[in-house]
Amino acid sequence: MSNQILPSQFLDLQKFVDEWALDNEAARYQKLHSITLPQLKVFYEAMLSRIEIILPYLDQYTISTLPSDAKVLYNLTMTFAETAHPVDLNWTDVDFPDAYAWDQFEFRTVSVTG
Amino acid sequence: MTNECITIFKGDTSRLRNTIPMTERLAPEFFDEEVKKIFSKSWLIIGTSKELVEKGSYIVTDVPPLKASLIIVRGEDEKIRVFRNICRHRGDKLVHGKEGCSKFFQCQFHAWTFSNTGNLIGVTDATQFKDMKKDELGLIEIHSEVWEDIVFVNFEEHPAQTLKEWLGDIYGQYKGFSDNRVKVADHRVVVNTNWNLAVNAFCEGYHNIFIHKNTVPDYQGSPSNPNRHRPYLEVGKHFGRYSAHGNPNHKPTPAEGIFYKYSRPMFPSFVQFEMDKLPIGVNPSRFKQWAFDIVHLFPNIVIGPQANTNSIMLFWPISHNKTDIRVMRFSYKTDKPSDRIAQAHSLVRNREVLREDLATMETQYESIASGGLPYMFLSEQEQLIQNHYRAADDMLNEET
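Protein chains in written order, with our numbering: chain B, 9 to 122; chain L, 4 to 403.
This is chain B alone, in the form it adopts within the complex (with noise of 0.2 Å):
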């Protein structure tokens, strides 16, 4: 994942990419499962301060056109779309109490990539 480099004018961001710019569900609810809130709040204030650049930047192009510097992006921005939830929701834990056990979850084959 070291050579996955963020267009220029998102190089802010960049140090979160080795981390967070996962190109699966699974992956991403795994790396949700596997931090602390403290560390999930790093990342989210980050997303989410420049989230409406990201946005209309990538909608620049289409999935299935992204140059590799984008699609680094579009990895991250899904990340962060698929993690926002516990702070979005003033959670105290990355997951809420009595939450059926997460590492139970199966993920299937699915049309779309991404």
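Just so you know, these hints were derived from the structure itself, not from any lab.
Backbone N, C-alpha and C fix where the C-beta goes; we use that ideal spot for every residue, glycine too.
It is possible that part of the hints are untrue.
With beta-carbon atoms standing in for the labels, derived distance ranges [as the list claims (entries may be wrong)]:
| id | chain 1 | residue 1 | chain 2 | residue 2 | range |
| --- | --- | --- | --- | --- | --- |
| 1 | B | Gln68 | L | Lys280 | 26 to 36 Å |
| 2 | B | Thr44 | L | Ile212 | 41 to 51 Å |
| 3 | L | Ile212 | B | Asp111 | 53 to 63 Å |
| 4 | L | Phe380 | B | Val50 | 40 to 50 Å |
| 5 | L | Glu277 | B | Gln68 | 27 to 37 Å |
| 6 | B | Asp67 | L | Pro220 | 29 to 39 Å |
| 7 | B | Asp26 | L | Ser373 | 45 to 55 Å |
Stretch-level coverage of chain L by chain B, calculated; a stretch enters the list once three of its residues show a Cβ under 8 Å from a Cβ in chain B [to be verified]:
| id | stretch |
| --- | --- |
| 8 | 29-36 |
| 9 | 176-187 |
| 10 | 230-239 |
| 11 | 245-259 |
Put chain L on the given structure of chain B with help from the hints.
Then chain L, alone, in the frame of chain B:
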């Protein structure tokens, strides 16, 4: 005048009971009866034709209560068929993978070969078989019908009813409801509970105000519907359905609000829209602040039509106390990055809601299985559950 949403109740409610003794229903012997009299005779969903676009594309799936492995395949003639995943020679499993695309299936045991339309087309060392009639040795086909991209099967040799007869009036009410949508999520989880309790958890909306407070605290109801009554609720012979009230005052969370601003709002945000083009079975009462519908197809299926997305949940009993739950979510086809990002956010919110439901199913099973509860006592808002047990008892009481 009370400050309440009045539910429109539809359908034949005769013989519905609001008290359901449950202990006996959770016993292993009872489950054996359910397999024999319900699962062996009902129309069951095993997958969707969306995953079978090309000729020869196939999926292998299993039907746990009947211990069956099935191949769903689009043949060279474009027709979708369902076969038992069994080689006709000595019964080994024919396909060992999960999916693929091929003109033929070849058994790895002795290399018998079958076409993707089920015919036996190749036998190794064939001269050593006496009186072989290849046309009698094709793959064993299970009755199947495709309804709105959804593949149903019926394991009876001669099904008592066609799928159309089984579904009744609703058969023609969902035309195109899932057209142009692709599968965006497919989750499976095996839960320590009885399948009836698992499917019941999705057959009422009474719980959502309490159980879903962590994940979607304000997605349903409104000041005019503080108890989040169902605006519409209907029961039929093999189905029950209701509509849910989307809260017009829902406050999107910070990220949710931005994702949907650049794409289309989805769960848990519900916006009003022109409903003329919805099939008549979707939001049947055309409730303005519509969130989604829940359609329970007896015995073990829950379909969730919604604007911009829909889901299929299958609750497969493995045994009396283990249920294989499979949740497939679909959303509109798109190649726009912000659309996929919004869809991903929505399906994760849904996944977390599901994790709240799952926790309850296991504790409820343990309590009832202890024998400590004389009966469940059900509200009118829980009529789909009452209907589930009416349908179950109708089949269980049928003479065989």
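inquiry  = To test your reading of the hints: which numbers does this structure violate?
reply    = Violated: hints 2, 3, 8 and 10.
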